[in-house]
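Student: Chain A is fixed; fit chain B onto it per the hints.
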Amino acid sequence: MHLHPSAVQTGCYSERMLRLGLALLLTALGAAASGMKVTTHTLENGMRILVHEDHDVPNAAMYLFYTVGSRNERPGITGISHYFEHMMFNGAKKYGPKQFDVVMEKAGGRNNAYTSRDITAYTNWFPNSAIEQMFDLEADRIRDLAFDPKIIESERGVVSSERRMAVDNSPFGTLYEQVNATAYTAHPYSWPVIGWASDIAAYSMEDLKAHFRMGYAPNNCILVMTGAVTHEQVVALAKKYLEPIPRQAPPPPVRTVEPPQLGERRIVIKRPAQLPLLLVSYHVPATKHADNAALEMLETVLSSGRSSRLHRRLVEQDQLVLSINAGQQLALDPTQFIFSMQVRSGVEPAKAEAALYEELAKIAKDGITETELAKAKNQQIAGFYRSLKTIAGKANLLGQYEIYHGDHRKLFTAVEELEKVTAADIQRVAAQYFGENNRTVGTLIPESRRPEAAR
Amino acid sequence: MKLRLLTLALAAVTIMSAQVKLPPYSKKTLPNGATLILLNKPDVPLVTVRALFRGGAEAESATQAGINSLTVELMRRGAGTRSAADFAEALDALGATLQTGSNRQVSFAGIEFLERTQNEALGLFSDFLARPQFPEDEFAKALAQRIDASKAAKDNPGAALGSYFPAFFYGSGHPYARPANGDELTLANLSRQSLVDWHKRMFVGRNLILIAAGAINEKTLTPQLERLAASLPAGEAYQWKQKVAPPAQKQPRLLLIDKPDSTQTYFMIATPGIDRTHPDRTQLEIVNTLFGGRFTSMLNDELRVNSGLTYGARSSVDEDRLPGAIAISTYTPTETTVKAIDLAVEVLNRLRTQGIDAEQLLSARNYIKGGFPTSNLETADQVASILGELEVFGLNKGEIDDYFSRLDAATLAEVNATAKKWFGAAPLQFLLVGNAEKIKEDVKKYAPNMKIHSIKDPGFSVPAF
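The listed protein sequences derive, respectively, from chains A and B. Number 96 in this note's numbering belongs to position 96 of the first sequence; there are no gaps in the numbering. Number 254 in this note's numbering belongs to position 254 of the second sequence; there are no gaps in the numbering.
Bound-form chain A, shown alone (with noise of 0.2 Å):
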């Protein structure tokens, strides 16, 4: 069973892999010959709609990207972003506390969505049949959104509850949080999306209403539907129940920029576990930027199949870790590429770190082969096939197309940007971008006994 609304993205690197996938695809095929038809339709309130139709299976996705999350937050509101996801499902004017589910379920329908540091979106599963109750839903919540103090509290119980099972109660998520508000010294994205637990015990009903004011404009949210419908249709509904909602100013920009780290960070956070968890995060530019591309082949060339070359000699070749992760998140603003291990029992986490800065300093100085690249190329493509089986991937996958890249047809031109990845740049990223100063080191030391100040 799904429960909206769902978990915060911390530390979820599958996004990336699909977005790569898409435009090796397209090298393979060719745009026309993908079969994904897009066709598109900006409202006069300014919410840009994407339409792609598949008749496969008598059901729709409707997804909703609002550009706004942790990273348009300050402290003393870290986390609203999520808050106000739970928010968006507790009742508005039309339909009131609860009736967005039921009705919903009712209809035959289900619903999720999800935050992260940059945009909140809303993700909504259902038979064709439901089409037209979900837009009276939607822009029933967009533009008569209730607060009732009541609903406000007991919210917070839940991510509470949230926040206490994702980071509280589980060794990585602690590390996680610890490690990123020590890479990040001035960037919102060194708050974690679920927010500090005071903040959550803390925000205001006015600070609620001005949030909603500021992230939930039509012109700040692109609506994505895929399935068994027709542009003509999904445009006719979207002006009658969405078209009329007023534009209003988007969120501000954020001006604040990490400054260049100078010099390794490291940290140690003691806590009860079974085994220590070893985390290493390195500067890395926001999604856009040109070397997005070489770093995304660089990862699947480390970390994708048994035969990459971090779980050859960290998992079977030394044993060191029981597993290993690499990768970056999609982000509007420059990022962490990080590294995450479970380390074995009996094994000092230093070993593993050695071991990787070993494997990371080789691409550096001798790159990578021929066979490697093409690997890649082929883990890519197959990743990106299975990315596109189901409705719901394939709309989540237009939405983030047209976030971080500003623009979903840039899919196509995207191609040419992948086919020109050499060896070579991956040597060169490799080196320019994994390097001692640019870490922030995280390791979990298991400990039998929590100390009383943590509790």
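Calculated from the structure, these hints are not laboratory results. Careful, some of the hints might be misleading.
Stated by the list, open to error - Mimicking DSSO-like on lysine-lysine, the simulated pairs with C-alpha atoms at most 30 Å apart in a straight line are: (1) A/K389 with B/K28; (2) A/K150 with B/K339; (3) B/K241 with B/K27; (4) B/K456 with B/K141; (5) B/K141 with A/K362.
Tutor: Frame of chain A, contents of chain B only:
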């Protein structure tokens, strides 16, 4: 306004009631007893081939729990002429994925590959199934990794809850009484030779169901898959165990797994349920949808939406070959443990005493039907999974093709009688993971027969009651 809404919803019913059906597929029995199923569903240029071997967890002995999943793991660590590393390299070079595992009925392996790499991918899959080498060093390595993974699972209290549940609920002697992948105690009993023997005995033609789905060419693929299946000996078919139900407990029991650093209590409340082919299954799916199977369910509504006690509360009905559990599961801050358990039990009692009404029944039907196409029939691997399930449980395709009419046929009286018959009719069994020091006195009231067990004790076995 309410009336208008209802009309809308009712109008929707007639439109979406059209039954979605299984796409056409072919099925035949091969000379060595294997079943071969093919399905062309060319949405994307990928092919998925999945091999199921009957047996699964119920075939494992109590001391060898985890042997199925470790055997399929070892089969990729050196096969044909390739070493473990070479096999991984060859698989990745194609962009293919190979997923393995086991459940209560079967061990399984599924390879998914780009259509144009069919020959190479099937060559690898054939080596994997029929010519694994079981190298001693890879066995030692995989075993050590599994044991560490089993320990690490205790860092996730939600996962730990699920791993302790089988031993607590089914009790020793029952085939389902251990965690699916075994634990550090049972894995330590396995040797390389035990895996070789297991492979020889279980991974044979008479136990095999081979399913290919996706962008396939039946003409060229059929002979390839026939050769692949033929590379396995016919062997002896696994004999399913006698049907045995979970033990009928005469009184409530409560097991508290002590995790002193936990700031939340994770709990399950369970009662005996049904098997996969039980005649009450459709009605129970309706009841479970309303009770704890969706966001607006009675449980989630009370524990999350109305009271903010948790991020989510749900219930599930096992549908395996042997009768399983019906269970509530959720978590809550340590301080609100009793409040949350009280409320969960209260909601269960409300279902039993008040039942559901006609509007709820309609909503549940629509909800199940509305999500059915995208969760079962949208992708080739979903359909492959369903076809395998039908085969394993001996069900016919009416299970899918007539599902909507079975949902429609369930009357309110029948559904309520079924709810009463199954949900909480037997004494409730409570399993908790949390800070025992803080909650043990308060939770005694649920079951005088209470035991406390430290999470630090090795494995997922539990004290006898």
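Student: Is the straight-line distance between the alpha-carbon of B/K241 and that of B/K27 30 Å or less?
Tutor: 26 Å, holds
Student: Next pair to validate is A/K150 with B/K339; report whether the Cα-Cα distance is within 30 Å.
Tutor: 19 Å, holds
Student: Would the hint linking B/K456 and B/K141 be met if the CA-CA limit is 30 Å?
Tutor: 24 Å, holds
Student: Check the hint pairing A/K389 with B/K28 against an upper bound of 30 Å on the C-alpha distance.
Tutor: Holds, because 27 Å separates the two Cα atoms, which is no more than 30 Å.
Student: Please verify whether B/K141 and A/K362 have alpha carbons no more than 30 Å apart.
Tutor: 26 Å, holds
Every hint from the earlier list agrees with this structure, and none is contradicted.
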